[in-house]
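Heads up: the sequence lines are chains L and G, in that order.
Everything in the first sequence is counted per our numbering, starting at 252 for the first residue and increasing by one.
Everything in the second sequence is counted per our numbering, starting at 252 for the first residue and increasing by one.
It should be emphasised that the hints constitute simulated quantities derived from the structure, not laboratory data.
Warning: the hint list may mix true and false statements.
Each pair may be met inside one copy or between any two copies, as identical chains are not told apart.
Straight line, CA to CA, 30 Å or less: simulated DSBU-like cross-link-like pairs of lysine-lysine [unchecked claim]:
1) Lys467 - Lys444
2) Lys427 - Lys364
3) Lys293 - Lys257
4) Lys364 - Lys257
5) Lys436 - Lys465
6) Lys364 - Lys474
7) Lys257 - Lys291
8) Lys396 - Lys427
9) Lys291 - Lys474
10) Lys293 - Lys436
11) Lys410 - Lys275
12) Lys435 - Lys257
13) Lys466 - Lys257
14) Lys465 - Lys291
15) Lys467 - Lys396
16) Lys257 - Lys284
2 protein chains.
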Amino acid sequence: MVDYYKTYSKFYLALDCIIFGFDKGELKLLLIKRNISPMKGKWSLMGGFMDIGETLDDAAKRVLFQLTGLTKIYMEQLKVFSELNREPDERVISVTYYALIRSSDYNKINAEKHNASWQSVSEVPELVFDHNQMVNEALEKLKRKSRSQPIGLELLPHKFSLPQLQQLYEAIFQQKLDKRNFRKKMLSTGLFKREVTSDQQIGRNGTFIYSFDKKKYNELIAKGFVLDI
Amino acid sequence: MVDYYKTYSKFYLALDCIIFGFDKGELKLLLIKRNISPMKGKWSLMGGFMDIGETLDDAAKRVLFQLTGLTKIYMEQLKVFSELNREPDERVISVTYYALIRSSDYNKINAEKHNASWQSVSEVPELVFDHNQMVNEALEKLKRKSRSQPIGLELLPHKFSLPQLQQLYEAIFQQKLDKRNFRKKMLSTGLFKREVTSDQQIGRNGTFIYSFDKKKYNELIAKGFVLDI
DNA sequence: CCAAAAGTGTTGACCGTACACCCATGA
DNA sequence: TCATGGGTGTACGGTCAACACTTTTGG
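Kindly generate the complete structure, drawing on both the sequences and the hints.
In structure tokens:
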């Protein structure tokens, strides 16, 4: 029975993570300078190889943890890349994941240790292999998904201002939005709770702080609600 | 250099195809009764293993061709399934593709040879391994994508009537639609050309036949048009 | 005191939705 | 002749988009 499998080929399986962040009104990517061959010294996505005994999701989490030290990060499988010569020396199939990191977690990342740095998505450098293509696919997916679901919130701190939220969507969709219409639309969902706070770190005095009511959101979703930003 | 890879594990890579069709107002799946172990005699998606020297897209096309004899079929990568024990005897990572087949191509398929048969998506039998989960993911994807893009048209003959088109969307979205509003919306896009035809095969006499203007659609898309059915 | 950023409502246009009857055909 | 299925238009309500001024604060 088991012999049945033996006629088939086996492949190396890699994971590559497209790690998004949002800071100072800009959408960013966490990139590393490779310190291993091949392509040592070139800019690259953070990646790794899959081990026996873990699922792809596990492996992606592990790779992200190695770079950032963070757990409980929003991650989602994107696409598999399998072109014959995508890596020069060996046939490697790469499964991509994209991850969304809150800027409030930035300082926890030991970026120097991995030669990692945040770079604006509007100026992505040339990356190794097919990594630029991976980044483009991830950006498209982020845009598409942001239109119908509030995943963008995974990029903001748990408490945020409406101007911050608007900047985020402007960065994702790459277009200016009308302030009054944006506020109206967001607040009309009833999913944003205004926080009573004396915290002055977010914006200037007079700026209202909100949090997202995830519980209420899930209840609405269960009733067939569609966000549609 | 190349030794660098040698510390990593290799995996069997399988392809599984979720093959949709549309006939007599019903959305269907092409399923096979497995004639090989493991799970011989059980219902299953059509699948196969990836070979050295082909990409995943190539392999998916090959698998689909083996079953249906059809080429130039709409196919898209869906998701990778990698649970540790998803197949009982060996660790196999499976990449799923979904395919959309026009009912006018049905008769070209030599279904008996592969123990294949079309079954309604509303009555999917119990399938081997995690194939039911694959089908559910594919259905969700088909729904989501149909809302913004006319991929459903890949399931219809090139010439079709508006009632046919409406039935298709009703089958995909699992809900009744208003006839007049549906027609208005579709025709207002200007993407459907009424054909002058004496062909009586589609519907009854008096039924207008349309075709989709793909060229015009691509032009509109390029200008930022979003279909939004 | 001046520049920059946050807060706040109204209106007109457009789109989505609800809804009923006639005609032709085939059983 | 009757049941089935295809074709057709209007009116109401709601949502989206455009638009300007005041206040506060930090430099």
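*Hints broken by the structure, by number, lowest first?*
2, 6, 9, 10, 12, 13 and 14
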